[in-house]
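Residue numbers (the numbering used here), protein chains in the order written: chain A, 1 to 131; chain B, 1 to 131; chain C, 1 to 131; chain D, 1 to 131; chain E, 1 to 131.
Hint data in this document are derived by calculation from the structure and do not stem from the laboratory. Hints may contain errors.
Said to hold, decoys possible - Pairs of lysine to any residue residues, derived as SDA-like cross-links and limited to a Cα-Cα distance of at most 20 Å, are as follows:
| hint | chain 1 | residue 1 | chain 2 | residue 2 |
| --- | --- | --- | --- | --- |
| 1 | D | Lys-91 | E | Ile-17 |
| 2 | E | Lys-91 | A | Ile-117 |
| 3 | B | Lys-116 | B | Leu-67 |
| 4 | E | Lys-91 | A | Lys-36 |
| 5 | D | Lys-91 | B | Asn-94 |
| 6 | E | Lys-36 | A | Tyr-92 |
| 7 | A | Lys-116 | A | Tyr-92 |
| 8 | A | Lys-122 | E | Ser-123 |
| 9 | E | Lys-116 | E | Glu-86 |
| 10 | D | Lys-91 | E | Gln-115 |
| 11 | E | Lys-91 | E | Ile-111 |
| 12 | D | Lys-91 | E | Ser-123 |
| 13 | C | Lys-91 | A | Tyr-92 |
| 14 | C | Lys-122 | B | Asp-120 |
| 15 | D | Lys-91 | E | Asp-61 |
| 16 | A | Lys-36 | B | Phe-104 |
| 17 | B | Lys-91 | C | Ile-117 |
| 18 | C | Lys-91 | B | Tyr-92 |
| 19 | C | Lys-91 | B | Asp-90 |
| 20 | E | Lys-91 | D | Asp-120 |
| 21 | A | Lys-122 | E | Ile-111 |
| 22 | B | Lys-91 | C | Ser-29 |
| 23 | C | Lys-116 | D | Lys-122 |
| 24 | D | Lys-116 | E | Lys-116 |
| 25 | C | Lys-91 | D | Ser-123 |
| 26 | B | Lys-91 | C | Thr-60 |
Unchecked claim - Computed beta-carbon distance windows for the label pairs:
| hint | chain 1 | residue 1 | chain 2 | residue 2 | range |
| --- | --- | --- | --- | --- | --- |
| 27 | B | Asp-49 | A | Ser-109 | 39 to 49 Å |
| 28 | A | Arg-63 | D | Lys-91 | 16 to 26 Å |
| 29 | A | Met-41 | D | Leu-54 | 43 to 53 Å |
| 30 | E | Ser-31 | B | Ser-121 | 39 to 49 Å |
| 31 | A | Glu-86 | D | Met-41 | 17 to 27 Å |
| 32 | D | Ser-121 | B | Asp-15 | 43 to 53 Å |
| 33 | D | Pro-112 | E | Met-52 | 39 to 49 Å |
| 34 | E | Ser-35 | D | Glu-119 | 41 to 51 Å |
| 35 | A | Glu-86 | E | Ser-62 | 36 to 46 Å |
| 36 | D | Glu-119 | B | Asp-108 | 41 to 51 Å |
Stated by the list, open to error - Computed from the model, here is a short list of chain C residues facing chain B with C-beta under 7 Å:
| hint | residue |
| --- | --- |
| 37 | Ile-17 |
| 38 | Asn-20 |
| 39 | Gly-22 |
| 40 | Asp-69 |
Think of the CB as a built atom: it goes at the ideal place given N, C-alpha and C, for glycine as much as any other residue.
As a plain string of letters, each chain reads:
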Amino acid sequence: SLAKLSLNRCSEVSDWITLNVGGRYFTTSRSTLQSKEPLSMLARMFADDNNMYLMNPSATDSRGAYLIDRSPEYFEPILNYLRHGEVIIDKYVNPRGVLEEAVFYGIDSMIPHIQKIIEDSKSYDSNHALT
Amino acid sequence: SLAKLSLNRCSEVSDWITLNVGGRYFTTSRSTLQSKEPLSMLARMFADDNNMYLMNPSATDSRGAYLIDRSPEYFEPILNYLRHGEVIIDKYVNPRGVLEEAVFYGIDSMIPHIQKIIEDSKSYDSNHALT
Amino acid sequence: SLAKLSLNRCSEVSDWITLNVGGRYFTTSRSTLQSKEPLSMLARMFADDNNMYLMNPSATDSRGAYLIDRSPEYFEPILNYLRHGEVIIDKYVNPRGVLEEAVFYGIDSMIPHIQKIIEDSKSYDSNHALT
Amino acid sequence: SLAKLSLNRCSEVSDWITLNVGGRYFTTSRSTLQSKEPLSMLARMFADDNNMYLMNPSATDSRGAYLIDRSPEYFEPILNYLRHGEVIIDKYVNPRGVLEEAVFYGIDSMIPHIQKIIEDSKSYDSNHALT
Amino acid sequence: SLAKLSLNRCSEVSDWITLNVGGRYFTTSRSTLQSKEPLSMLARMFADDNNMYLMNPSATDSRGAYLIDRSPEYFEPILNYLRHGEVIIDKYVNPRGVLEEAVFYGIDSMIPHIQKIIEDSKSYDSNHALT
C-alpha cells in the first residue's frame, strides 16, 4: 500500500547527514551519498569504516554539519543525481561548473552526461551566433 | 465580507507544517498537502493515521521540520500546484527536474501538464537552433 | 530638508511586520500592506480591527512572523507594488505565478498590468518561435 | 606593501552596519553608505548627526539590523555602486526595479546610467521581436 | 587508496574560515585563500603574519565570520577559481561584476580570462542585435 511505501522509503533513510558545502547547507542521507557510486570519494568520506573523516571534529561546524570546501551551486545537480539517477541542469547554470564538481567528488558515471550537455550547448550557441 | 473570507481561509489552515526538503525550509499546511491528491505519497506521509512517519522522531530535524531527502528547487512548483492547482514553472527552471519530483511524490494529475511543458520547450529550442 | 524627509518616512513606518510566506521571511510595515488597496484580503488581514487573525497565536511561527501558506517567489513583485506602485517582474519569473498571487491576495489594481505582461511575453515568444 | 594596503582598507571600514532590507540582510560600512553621495537620503539616514533615525529602537530588528521597507533584490546593484562606482546589473534583473530604488534612496548620479541600460534593453528586445 | 585520498584532502584543510561578504556567508579554508595567488590582497588578509587583520575583533561579526564589504554574488566565481583554477561564470551573471571583484581582491591571473568572457558576450550580443 501507499502508506507502506512511504514508510519503507523513510526507514531506508536511517541516517540523516547535513553538509556545509562552501557555506550553504544540504540535508541528505548516508544512503544517498553511498548507493549510486560506492567507490566515489564522496561515498568513501561517509562510509562507516572511514573513522578518520567522520570522527574528526575539525571536519564539522558548530551546527554539526560536515564541512566541504567546494561550490554549493554546482553541487546541487550532483546531489540530485545521487537521489534519482538523472542529470538535470537548469538553463542558467554553467554545466562546466557541474563537471568540475563531478570530477572532484569522483561521480564518474555522471561525467559523460555532463560532457554531452556542454557539447550541445556549444553547438546551440554557435548556431545562434552565426545567424 | 472580506474580513470573513480571510478568516475562513485561516481557520481552514488548522495545522502548520514545516518541511526540510534537502536543506531548505518550506512552510505549509497539512490541508495543502492532502486536499489536492489525497492518495499521493506526500499526502499519505502527513495523514492523521500515518503514525509511523509522524510519530517518528528520526524524521524531523532539530527545528522540528520533517526531513525529505529530495531537491528543494524542483519541489517549489509542486507545492504551489497543491496550493492553487496551476502548474507554473519559471523560465530558467528545467521542467524535467519538476517531473522527476512529481513522479516521486505521486502527484499524478500534475504529470501530463509538465510533460506538455517539456514538449513545448523542445520544439521552441529546435525552432531556434535551426534558424 | 533631507534629514527631515528620511525621518518622516521612518515615522510613517510605525508598525513593522514580518511575514513567513511559505517558508521565506519578508519584513514590511502595516502601512505598506494597507495603503494601496485597503479593501484587499491582504490589507484586511492586518487591519487593526481584525482581531481574529492578528490575535490568533496559531497564525504566527516561533519567531513571531505571520504565516501565509503561499509562494514566496511570486509574492515579491506584489509587495514591491504595494511599496511603490509599479509592477516590475524579472525576466526569469513566470508572470502567471504573480497573477495567481495577485488574485489570491485581492490586489485588484495590479491584475490588468500583469495580464498585459503575460500577453506581451506570449507575442514575443511566438515571434521568436516562428522565425 | 600589500599587507599595509589591506590594513588601510580595513581601518577605513571603522563602522559596520547591517541593514534588513525587506527581510534580507546586507552588511556594509557607514563609509560606503556615505562617501559616494553624501546628500542622498540613504547617506543622511546613517549620518552621525541623524540621531532621530539612529537612536530610534523601533528602526532596528531583534538582531540590531536597521529596517528598510523596500525590495532587497533591486537594492543589491545600488549597494555595489556605492562600493565601487560601477553600475552592474545581471541579465535576469529588471533594470526598472533598480531605477525605482535609486530614485527612492536618492542616489542621483546612478540614475542616467540605469536609464541608458533600460533604453538599450528595449532596442535589443525590439530588434529581436521584429526579426 | 580512495580513503587515503579523501583523508589527505581533509588534512590539507587544516583551518576553516567563514567570510561574511556583504551579508552572505562563505565557508572555505585558509589554504584555498592563499595557495593560488599568495601575493593577492585576499591571501595577505588571511596570512599568518597579518596580525593586524586577523587579531582585530572589529573585523569579525557576532558569529565570528570575517567581514568584507563587497558583493557576495560576484565573489562566488572568484572563490571557485581559488578552489580549482577554472573561471566559470553562469549565464545570468554579469561578468563585469566578477571583473570588478577580481581587481579588488587582486586575483591577477583571473583577470584576462574574465576580460575574454566579456569580449565574447559582447560579440554574441551584437550578432544577435544585428540580425
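The hints, checked one at a time:
Of the pairs offered as hints, the one joining D:Lys-91 and E:Ile-17 is violated, with about 32 Å between alpha carbons and a cut-off of 20 Å exceeded. Taken as a hint, the E:Lys-91 and A:Ile-117 pair is honoured in the structure, with Cα atoms around 15 Å apart against an allowance of 20 Å. Using a Cα cut-off of 20 Å, the hinted pair B:Lys-116 and B:Leu-67 is violated, with the two alpha carbons roughly 31 Å apart. Between the alpha carbons of E:Lys-91 and A:Lys-36 the distance comes to roughly 30 Å, so the proposed pair goes past 20 Å and is violated.
Distance check on the hinted pair: D:Lys-91 and B:Asn-94 sit about 18 Å apart at the alpha-carbon level, within 20 Å; holds. Distance hint between E:Lys-36 and A:Tyr-92 is unfulfilled; the C-alpha atoms sit about 27 Å from each other, more than 20 Å. At roughly 17 Å between alpha-carbon atoms, A:Lys-116 and A:Tyr-92 fall within 20 Å of each other, so this suggested pair holds. This hinted pair checks out: A:Lys-122 and E:Ser-123 have alpha carbons roughly 15 Å apart, not beyond 20 Å.
For the proposed pair E:Lys-116 and E:Glu-86, the alpha carbon gap of about 14 Å is at most 20 Å, so the pair holds. For the hint pairing D:Lys-91 with E:Gln-115, the CA-to-CA distance comes to about 17 Å; that is within 20 Å, so the pair holds. For the proposed pair E:Lys-91 and E:Ile-111, the alpha carbon gap of about 18 Å is at most 20 Å, so the pair holds. The straight-line distance between the Cα atoms of D:Lys-91 and E:Ser-123 is roughly 16 Å, inside the 20 Å bound, and the hint therefore holds.
Restraint check for C:Lys-91 and A:Tyr-92: the C-alpha separation of about 12 Å stays at or below 20 Å, so the hint holds. Restraint check: the Cα-Cα separation between C:Lys-122 and B:Asp-120 comes to about 13 Å, which is no more than 20 Å; the hinted pair holds. Our distance criterion of 20 Å between C-alpha atoms is broken by D:Lys-91 and E:Asp-61, whose separation comes to about 32 Å. Distance restraint check for A:Lys-36 and B:Phe-104: the Cα-Cα separation of roughly 17 Å lies within the 20 Å cut-off, and the hinted pair is therefore satisfied.
At most 20 Å may separate the alpha-carbon atoms for a hinted pair to count; B:Lys-91 and C:Ile-117 meet this at roughly 15 Å. Distance hint between C:Lys-91 and B:Tyr-92 is fulfilled; the C-alpha atoms sit about 9 Å from each other, no more than 20 Å. Only pairs whose Cα atoms come within 20 Å are accepted, and C:Lys-91 paired with B:Asp-90 is accepted, the gap being roughly 9 Å. Simply put, E:Lys-91 and D:Asp-120 have alpha-carbon atoms about 19 Å apart, close enough for the 20 Å limit, and the pair holds.
Simply put, A:Lys-122 and E:Ile-111 have alpha-carbon atoms about 23 Å apart, too far for the 20 Å limit, and the pair is violated. Distance check on the hinted pair: B:Lys-91 and C:Ser-29 sit about 31 Å apart at the alpha-carbon level, beyond 20 Å; violated. Between the alpha carbons of C:Lys-116 and D:Lys-122 the distance comes to roughly 17 Å, so the proposed pair stays at or under 20 Å and holds. A threshold of 20 Å between alpha carbons decides the hint, and for D:Lys-116 with E:Lys-116 the separation of about 24 Å lies outside it, so the pair is violated.
Between C:Lys-91 and D:Ser-123 the CA atoms are separated by roughly 16 Å; this keeps the pair inside 20 Å, and the hint holds. With a C-alpha separation of about 33 Å, the suggested pairing of B:Lys-91 with C:Thr-60 is violated against the 20 Å cut-off. Separation of B:Asp-49 from A:Ser-109 is about 40 Å and conforms to the stated range, judged on CB atoms against 39 to 49 Å. The given range of 16 to 26 Å is broken by A:Arg-63 and D:Lys-91, whose C-beta atoms sit roughly 35 Å from each other.
Against the hinted window of 43 to 53 Å, the Cβ-Cβ separation of A:Met-41 and D:Leu-54 comes to about 51 Å, which satisfies the hint. Checked against the hint of 39 to 49 Å, the C-beta distance between E:Ser-31 and B:Ser-121 comes to roughly 43 Å, which is consistent with it. Here the CB-CB span from A:Glu-86 to D:Met-41 is close to 50 Å, at odds with the stated 17 to 27 Å. D:Ser-121 and B:Asp-15 have their C-beta atoms about 46 Å apart, which keeps the hinted 43 to 53 Å range intact.
Taken as a hint, the range 39 to 49 Å holds for the pair D:Pro-112 and E:Met-52, whose Cβ atoms sit roughly 40 Å apart. For E:Ser-35 and D:Glu-119, the hinted distance range of 41 to 51 Å is satisfied, since their beta carbons lie about 45 Å from each other. The hint said 36 to 46 Å for the Cβ distance between A:Glu-86 and E:Ser-62, and at roughly 41 Å that hint holds. Remark: the range hint 41 to 51 Å for D:Glu-119 to B:Asp-108 is upheld by a beta-carbon distance near 48 Å.
Violation of the interface hint for C:Ile-17 is found here, the shortest Cβ-Cβ separation to chain B being roughly 15 Å, above the 7 Å cut-off. The interface hint given for C:Asn-20 is met, as the beta carbon of that residue sits about 6 Å from the closest beta carbon of chain B, less than 7 Å. The criterion of a C-beta within 7 Å of any C-beta in chain B is met by C:Gly-22, whose closest approach is roughly 6 Å, and the hint holds. Annotation: C:Asp-69 was flagged as interfacial toward chain B, and the flag holds, the nearest CB pair being 5 Å apart, inside 7 Å.
Of the numbered hints listed earlier, those contradicted by the structure are 1, 3, 4, 6, 15, 21, 22, 24, 26, 28, 31 and 37.
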